[in-house]
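**Q** Based on the provided sequences and hints, a complete structural model is requested.
Each protein sequence line maps, in turn, to chains B and D. Per the working numbering, residue 1340 is the first one in the first sequence, and the count goes up by one each step. Per the working numbering, residue 3 is the first one in the second sequence, and the count goes up by one each step.
Honestly, the hints are just simulated from the structure, not real lab data. Some clues are possibly wrong.
Stated by the list, open to error - Short, incomplete list of chain D residues facing chain B, as computed with Cβ under 8 Å: (1) Val61; (2) Val83; (3) Arg84; (4) His87; (5) Gly90; (6) Thr93; (7) Glu102; (8) Lys103; (9) Gln104; (10) Arg108; (11) Gln115; (12) Phe122; (13) Ile123; (14) Val125; (15) Gly235.
What the hints assert, rightly or not - The calculated DMTMM-like cross-link candidates involving lysine to aspartate or glutamate, where the alpha carbons are at most 20 Å apart (straight line), are: (16) D:Lys103 with D:Asp150; (17) D:Lys126 with B:Asp1438; (18) D:Lys98 with B:Glu1573; (19) D:Lys85 with B:Asp1563; (20) D:Lys129 with D:Glu160; (21) B:Lys1358 with D:Asp150; (22) D:Lys103 with B:Glu1360; (23) D:Lys103 with D:Glu160; (24) B:Lys1502 with B:Asp1438; (25) D:Lys189 with D:Asp217; (26) D:Lys152 with B:Asp1563; (27) D:Lys75 with D:Glu175; (28) D:Lys152 with B:Glu1360; (29) D:Lys103 with B:Asp1563; (30) D:Lys200 with D:Asp217; (31) D:Lys85 with B:Glu1573.
Bear in mind that the values here come from a model prediction, so they are computed numbers and not experimental data. Idealized CB from N, CA, C, for every residue including glycine.
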Amino acid sequence: MTTQSSTNRLRSLTASLSKVEGLPIALVLVVVFVAFMITAPTVFLKPGIYMSFFETIPPMLICGLGLTLVITAGEIDLSFPAVVALSGLALAWSYRNLDPIWGPYVGIVVALAAGALVGYTNGILVARLGVPSIMATLAAQFFWYGITILLAGGLQVALVGIKDHFLHELLVGRLFRGQVIGGQNFPGLPVQALWATALAVLMWFILNRHTFGEAVSFIGDNADVARVMGINVERTRVQLFTLQGVMAAIAGILLTLDIGVFYPTQGNYLLPVMAGVFVGGTSIAGGAGSIVGTYFGMYIIGSLEAGVVATTISGYWVRVVEGAVMAGVVVLNAIMGEGRLAALSERFRHWSTREQRSIPAHMTMEKPDEVLK
Amino acid sequence: MTEHRPHEFALQMVNIEKYFGPVAALRNINIQVGRNEIVGLIGDNGAGKSTIVKILTGVYRPSSGELYIAGRKVDLSTYSVRKAHEYGIETVYQDKSLGEKQALWRNFFVGRQITRRFGFIDVKKEKELANEIMLNTIGFRGRGITVDSKVSKLSGGERQGIAIGRAMHFEAELIVLDEPTVALSLKEVQKVISFVHKIKEGGKACVYISHAIHDVYEVADRFVIVDRGEVVGNIRRSDVTLKELDEFLLGYAHGLKDKQE
Ligand SMILES: Nc1ncnc2c1ncn2[C@@H]1O[C@H](COP(=O)(O)OP(=O)(O)O)[C@@H](O)[C@H]1O
Ligand SMILES: [Mg+2]
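**A** Here it is, written out as C-alpha cells:
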C-alpha cells in the first residue's frame, strides 16, 4: 500500500508538472548553463557572455515565434532568411537615400511592408493555389534572396551614424551600461531582448488565447475538422504566412540596426531557428505548438555554439556536442510530451501493483458507474 | 432570422447540383425536411450523402440550385458554416467533428468563440459553459475527463457524446448526423438513437445518415434514398416495413447491377 500511495503521489506530481508549459526545456536551459559555468567559469560567471546572447539571439527568437505558429498550423516556412535580408536592405536603403532623421522610420515601414508582401505571396501560393508550403517557401527563399542581392549589388551597406539615432536607442540600445556590478563595469542589457520577450508574450496570447491562434491549432490538427467547424482555413493560412513575413521583417530591422551594417547574408540561420522551435517541443505533426518552449529552445540553440567554443573543447567537437544536446532535448520532449510522463508513471504503478491484482482490469474502480450498471 | 414566421419546412433543397471539376457528384437533388421530422438519408458509399450534408451545412457551395431554411431562401453566395450555425443547423460527423489534440473546452466553441475585445477568447466563460454542458447535457461524471482533457484521450462514444452535447447546447432547429454510429459499441449506438428520439420530442428536425438500416428505421419518419448523386426513393415510414425497406434497397442495388451488365 505504501508503494501505491507514493507512486500515486509521483503520478499526480508528474501530471501537474507536465502541465507547466515549457518546463522541461527551461530545466534543460538551466542544466546547459550550469554545465558551461563548470567547464568555462571564466566566461560564464561574468555577465558579458549573457549580454552577448541577449544581443544575438532575439532576431532568431522572433523568427522562431512566427515559425512556431506556422509549424503548429502544419506548414513550414523556409523563406524567412530572405525576408530578414530584404527587410534589412529596405531599412538601409531608406536610411542612406532619404532624410537621415525620418528616413529610418520610413525604412521600418517599408521593411515591414516588404516582409508582409513576401509572407502574403507565400500564403496565396499555399492556401489559394495549393502549393505545398515546403516548395512554395523554398522557391520564395531563392527568389527574394536573389532580389535582395540584385538590389544590393551583392554588397553590404553601412548605416553610418545610425547609432546616434533615436530608433537605435529605442530598439537596440543598452540598458544600465557602465554601472558597476560586483566591481565590474556592466556591459549593458540589449533592449532587443526585451522587445523579443514582449513579442513572445504577445504571440503566446495570440496562439493560446485568440481566435486566430485557435484556428491555427485546429487547422494543424485536422484541416477538415477546422473547415466543418466554421474556420476559414484558406484565409487563416494567408494571414499566418503574412504574420510570419512581418515577424521576419522585425528580426531583420533589429539585426540591421544593431550591427549598423546591412549584410546580404545576415539572415542565414534557417537551421538553428528550426532547431530552436523543435527543441522547444512544437510538434512537426501540427496542432500543438509551444511559444514558451520556443523561447527557451532558442536560447539553448543560440548559446550552444558560443558556449561550447568557450569551454575550449576542440573545434571539431563543437557540432558534435550541439547535435547531442539537440537530440537529447528532442527525445526528452517525446518522453515528457503531453501526458506521456503521467502515462509512464501510470505504467510504473501498474508494474508495481500487478501481482496484487485479482479482479480484471475493466472492473477496477476507474469506471465505477460501469460496474454499477 | 430575427422573427419567426410560421413555416412548414425546416429545410428545402431545390434542384441542387454539385460538380467537383467535371464530375457530377449531385444532380437534381430535391429534399424537404419538415419542422419536426426525422429524415433518414440512405444510400451506398459514395452515393453523395455527405456531399448533400456539406451543402446544407455551408461547407460546400452547390454548383446550382436553391436552399430554403425555415421557409426562407438562403443567399448561397454568402452561405457558410457560421451562417448555418446562426440559422440553427448543427452537424455531428462520424469522425471529423473534433480536433484531436485540442482541449475539450475549445472543441465546444471553436468557430463561434465567446470573445472579449480584439478577438481574445473568454477562456474562463468557455470553460465554465463547457463544464456545464459536460455535466448536465452529456452527463459525464467522475470519469477523469475534464474540460481540459484532450480529445485523443476519449473513447469513440465519448467523442460522439461531446459532438452531440455541442449540438444540443446550441439549441439547433435542425440537427444533421452523418454516420454518427460508425465505430461505436451497441450501448453507445443506443445513446445516439435515444438522442434522435429526444430531437423528435423536442419539436426539432433531424437528418440522420447511417448504414445500419434498422437504426434508421427505428428513428426516421421518412426515408430518402440516394444513389449515384440522385434521389431515387422517398418513402414514409408508415408505408413500409423494415423488411420491405431492406428488400427495396437490395433490389435496387441488384437492379442497378443488372443494368450495368
Ligand atoms: N471534395 C471532393 N472532391 C472531389 N470529389 C468528391 C469530394 N467529396 C466527395 N466527392 C465525390 O462525390 C461522391 C459522393 O461522395 P460522398 O458525398 O462522400 O458519398 P457518401 O457520403 O454517400 O458516401 C463520391 O464519388 C466522392 O468521390
Ligand atoms: Mg459519407
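**Q** For every hint, state whether the structure bears it out.
**A** Evaluation of the provided hints:
1. Val61: holds (5 Å)
2. Val83: With a minimum Cβ separation of about 4 Å from chain B (threshold 8 Å), the hint on Val83 (chain D) holds.
3. Arg84: Holds, because the Cβ-Cβ distance from Arg84 (chain D) to chain B comes to roughly 5 Å (cut-off 8 Å).
4. His87: holds (6 Å)
5. Gly90: Interface hint status for Gly90 (chain D): violated (14 Å vs cutoff 8 Å).
6. Thr93: With Cβ-Cβ at 7 Å, under 8 Å, it holds.
7. Glu102: holds (6 Å)
8. Lys103: Holds. Min distance 4 Å.
9. Gln104: holds (6 Å)
10. Arg108: Since chain B brings a Cβ to about 6 Å from Arg108 (chain D), closer than 8 Å, the hint holds.
11. Gln115: holds (5 Å)
12. Phe122: Cβ of Phe122 (chain D) sits 5 Å from chain B, so the hint holds.
13. Ile123: holds (6 Å)
14. Val125: It holds, given that the least Cβ distance between Val125 (chain D) and chain B is near 6 Å, below 8 Å.
15. Gly235: violated (27 Å)
16. D:Lys103 with D:Asp150: holds (11 Å)
17. D:Lys126 with B:Asp1438: Violated, because 50 Å separates the two Cα atoms, which is more than 20 Å.
18. D:Lys98 with B:Glu1573: holds (18 Å)
19. D:Lys85 with B:Asp1563: Distance of about 18 Å is within 20 Å: holds.
20. D:Lys129 with D:Glu160: holds (18 Å)
21. B:Lys1358 with D:Asp150: Within the cut-off at roughly 10 Å; holds.
22. D:Lys103 with B:Glu1360: Given that 20 Å is the threshold and the Cα spacing comes to 15 Å, the pair holds.
23. D:Lys103 with D:Glu160: Answer holds: Lys103 (chain D) to Glu160 (chain D) is near 15 Å, not above 20 Å.
24. B:Lys1502 with B:Asp1438: holds (15 Å)
25. D:Lys189 with D:Asp217: holds (13 Å)
26. D:Lys152 with B:Asp1563: holds (18 Å)
27. D:Lys75 with D:Glu175: This hinted pair holds, its Cα atoms lying about 16 Å apart.
28. D:Lys152 with B:Glu1360: holds (15 Å)
29. D:Lys103 with B:Asp1563: holds (14 Å)
30. D:Lys200 with D:Asp217: Holds, because 15 Å separates the two Cα atoms, which is no more than 20 Å.
31. D:Lys85 with B:Glu1573: holds (18 Å)
In terms of the numbered hints stated before, the structure departs from hints 5, 15, 17, listed from lowest to highest.
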